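S.K.: Sequences and hints are given; from them, build the entire structure.
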Amino acid sequence: MLGIAPPTNKVVDTDTMTTIPSIVTIQDVAAHAGVSAMTVSRVINKHQSVASTTRKRVEKAIQELGYVPNTLARSLLHGRTRTIALIVGDISNPFFTQIARGVEDVAQRNGYAVMIGNSDESTAKERRYVDAMVGNRIDGLLIAPAGIDTGQTLKFLSRRGTKFVLIDRDFEGMHADIVMGDSVGGARMLTEHLVGLGHRRIAMITGPLDLSTSRDRLRGYEDVLKQHGIAIDPTLVMESSYKREGGRQAAQRILQLPIEQRPTAVLASNNFLGVGLVETLREAAINVPRDMAVVCFDDIELASALTPFLTVVA
Numbered sequence: 001m002l003g004i005a006p007p008t009n010k011v012v013d014t015d016t017m018t019t020i021p022s023i024v025t026i027q028d029v030a031a032h033a034g035v036s037a038m039t040v041s042r043v044i045n046k047h048q049s050v051a052s053t054t055r056k057r058v059e060k061a062i063q064e065l066g067y068v069p070n071t072l073a074r075s076l077l078h079g080r081t082r083t084i085a086l087i088v089g090d091i092s093n094p095f096f097t098q099i100a101r102g103v104e105d106v107a108q109r110n111g112y113a114v115m116i117g118n119s120d121e122s123t124a125k126e127r128r129y130v131d132a133m134v135g136n137r138i139d140g141l142l143i144a145p146a147g148i149d150t151g152q153t154l155k156f157l158s159r160r161g162t163k164f165v166l167i168d169r170d171f172e173g174m175h176a177d178i179v180m181g182d183s184v185g186g187a188r189m190l191t192e193h194l195v196g197l198g199h200r201r202i203a204m205i206t207g208p209l210d211l212s213t214s215r216d217r218l219r220g221y222e223d224v225l226k227q228h229g230i231a232i233d234p235t236l237v238m239e240s241s242y243k244r245e246g247g248r249q250a251a252q253r254i255l256q257l258p259i260e261q262r263p264t265a266v267l268a269s270n271n272f273l274g275v276g277l278v279e280t281l282r283e284a285a286i287n288v289p290r291d292m293a294v295v296c297f298d299d300i301e302l303a304s305a306l307t308p309f310l311t312v313v314a
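Going letter by letter, the sequence shown gives residues 1 to 314 in the numbering used here.
Note that these hints are calculated values from the structure, not bench results. These numbers were taken from a predicted model, which means no experiment stands behind them.
Mimicking EDC-like on lysine to aspartate or glutamate, the simulated pairs with C-alpha atoms at most 20 Å apart in a straight line are: (1) K46 / E64; (2) K243 / D210; (3) K60 / D28; (4) K125 / D210; (5) K243 / E279; (6) K155 / D177; (7) K163 / D149; (8) K46 / E59; (9) K155 / D139; (10) K155 / D210; (11) K243 / E283; (12) K56 / D28; (13) K163 / D131; (14) K155 / D170; (15) K163 / D139; (16) K226 / E192; (17) K163 / D177; (18) K243 / D120; (19) K155 / E172; (20) K155 / D131; (21) K125 / D149; (22) K163 / E104.
M.R.: Quick look at the structure:
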């Protein structure tokens, strides 16, 4: 049990009656264990030169005092913090949530901590996160670019020598490692599926077209229509944010069209767009897929929970 013993402003462990400083230093651990600060440092850094009995005594002192090494100070000494950062567009989107989980799992297995930032697809917010993370001396960054202005941020990271990997979205003119799916191929597959069902008026809800993912998915859709001799109707191509509300807004635009000009099928560029679209169509008494077929990217539980469930490509 812990208690505060004024006026020394120190924490007292009332089980052992040990006085613990409010900020525990390596010198406090050394004094508690009866060794030098250098010996404590060697134990923390797992040097093999420390005797087993001494190591156990130091480890016990660390546990009793609740000592946590100063990672910033250690980074100045060793040149790394064993911390990586992840910036995604919208952490509430299960697609990015799953990415974050995977990154954390791999990082933890390799002895790294993860800092996570949510850009909300804002390059200004994204840059503030990057500045803060670089200030905390991260060893590297995984980033899903929020927009065209991300280019300046990536150049800043390159000049500093901060390692980074692009995820989900490419960035034109930037030579960098990247992990992403086949957006063009996925869009082609979904569009071919709709054409194979006999649809000719197929709408496309894209994400922001300053993102490579959105442009690639639009290209895949257009490629298939051209291959089948189907004219591309500009009124059926709708740019939107990658959010649920974007799907709802696109559905409203579709509902405002005369019935004979409405699409018989819609391809949504991500899961949230698809879910928002189907919800709004259903509220307007349009049956999916009987009255209008809907397909989308990103296989998530939210999509399969809809009645009827969406056809998706991951």
